[in-house]
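Undergrad: As a plain string of letters, each chain reads:
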Amino acid sequence: MEGADAGGLFALAARLHGGLGLLALALLLHPLVGLRRPGPPSPAARLAAALAGGITLLVALFGAVLYPTYRAGIKPGLVRDALPLAQRFESKEHIGFFAAALAVGAAALLWSAPRSPAARRGARWMFGLAALCAAITAALGLWVAAFAHPAF
Amino acid sequence: MSEGRAAVGIGVAYGAVGAILAYAVQRLLDAIDEPPMSAVLATAFIPYFWRVASSLVVGAAVGLGLGGAAAVGGAPALGPRLLGALPVVAGLATLCAVAAMLAVP
Numbered sequence: 001m002e003g004a005d006a007g008g009l010f011a012l013a014a015r016l017h018g019g020l021g022l023l024a025l026a027l028l029l030h031p032l033v034g035l036r037r038p039g040p041p042s043p044a045a046r047l048a049a050a051l052a053g054g055i056t057l058l059v060a061l062f063g064a065v066l067y068p069t070y071r072a073g074i075k076p077g078l079v080r081d082a083l084p085l086a087q088r089f090e091s092k093e094h095i096g097f098f099a100a101a102l103a104v105g106a107a108a109l110l111w112s113a114p115r116s117p118a119a120r121r122g123a124r125w126m127f128g129l130a131a132l133c134a135a136i137t138a139a140l141g142l143w144v145a146a147f148a149h150p151a152f
Numbered sequence: 001m002s003e004g005r006a007a008v009g010i011g012v013a014y015g016a017v018g019a020i021l022a023y024a025v026q027r028l029l030d031a032i033d034e035p036p037m038s039a040v041l042a043t044a045f046i047p048y049f050w051r052v053a054s055s056l057v058v059g060a061a062v063g064l065g066l067g068g069a070a071a072v073g074g075a076p077a078l079g080p081r082l083l084g085a086l087p088v089v090a091g092l093a094t095l096c097a098v099a100a101m102l103a104v105p
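Protein sequence lines correspond, in order, to chains A and B. Mapping the first sequence onto this note's numbering, position 23 (from 1) lands on 23, and the numbers just tick up by one. Mapping the second sequence onto this note's numbering, position 37 (from 1) lands on 37, and the numbers just tick up by one.
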């Protein structure tokens, strides 16, 4: 029963991680539109950028907390029975880290120099790259999650 | 804009790019003589965490170096030049790193 509870808790946490990841992807796309407007970003746009960086970092940290359980409980079965899926999961972890790093860098850049057009342009590019990485991460995550669950 | 404050942003942004490149290079180097995935599973050592930690150290060094140089202003207009190059540098670094991580999981 304890094992079933732990499996259910992991499945819940994994779904929460996935849901927050999709929210982070949406938040990362927001500054792409908001920063197109010339002039310094509004306080709301700066808040949205900070939220994008913060939530993306939170999702990455959440994934890091889940990773040891995945590695001990699910990955062995995946490696044995579906090696390509296990490899895609590793790609997801790598690219997820890239998304978090880019999002934090973009948010910091925008907050530090909101009046500089070059800083806004740089931040907008970094948010775009973070969104690309987050989209790839989400696609790989959804693909693997369809098979890699505690009952695998 | 405050030059000092902008330098912090430049440092964090380039630090993030440095961390991404450091992570990808470490993963590619690991893959050269990596044991089979099944052998790695049996150990308590989690390469992913170590790779993230060491790439953050490299990113911090890059960020402190470039952000510090932009703040001190040793080279004229270094900050604006770094900001101008950021889209190209970040774009190339990210696309190369993503392609490498898809090819070498």
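Hints are computed from structural coordinates only; laboratory data are not their basis. As the structure is a prediction and not an experimental result, all values here were calculated from the model. All residues carry an ideal CB built from backbone N, CA and C; glycine is no exception. Fair warning: there could be bad hints in the mix.
[Said to hold, decoys possible] Among chain A residues calculated to face chain B with C-beta under 8 Å, some are:
#: 1; residue: Ala-45
#: 2; residue: Leu-66
#: 3; residue: Arg-121
#: 4; residue: Ala-139
[Unchecked claim] Footprint (simulated), chain B over chain A, 3 or more residues, beta carbon under 8 Å:
#: 5; stretch: 28–40
#: 6; stretch: 98–104
#: 7; stretch: 111–120
#: 8; stretch: 125–133
[What the hints assert, rightly or not] Here are the in silico distance ranges between beta carbons for each label pair:
#: 9; chain 1: B; residue 1: Val-57; chain 2: A; residue 2: Ala-72; range: 24 to 30 Å
#: 10; chain 1: A; residue 1: Ala-26; chain 2: B; residue 2: Ala-77; range: 23 to 29 Å
#: 11; chain 1: A; residue 1: Arg-37; chain 2: B; residue 2: Trp-50; range: 40 to 46 Å
Undergrad: Now tell me, hint by hint, if it's right for this structure.
TA: Going through the hints against the structure:
1. Ala-45: Violated - the Cβ of A/Ala-45 stays beyond 8 Å from chain B, reaching only about 16 Å at its closest.
2. Leu-66: At 12 Å from the nearest chain B Cβ, A/Leu-66 fails the 8 Å test, so the hint is violated.
3. Arg-121: holds (6 Å)
4. Ala-139: violated (11 Å)
5. 28–40: Violated, because only 0 residues of the stretch 28–40 of chain A bring their Cβ atoms closer than 8 Å to Cβ atoms of chain B.
6. 98–104: holds (count 4)
7. 111–120: holds (count 8)
8. 125–133: holds (count 5)
9. B/Val-57 with A/Ala-72: 24 to 30 Å: With Cβ atoms ~27 Å apart, the hint holds.
10. A/Ala-26 with B/Ala-77: 23 to 29 Å: Taking Cβ atoms as reference, A/Ala-26 and B/Ala-77 lie about 37 Å apart, which means the hint is violated.
11. A/Arg-37 with B/Trp-50: 40 to 46 Å: holds (42 Å)
In the structure shown, a violation is registered for the earlier hints numbered 1, 2, 4, 5, 10, in ascending order.
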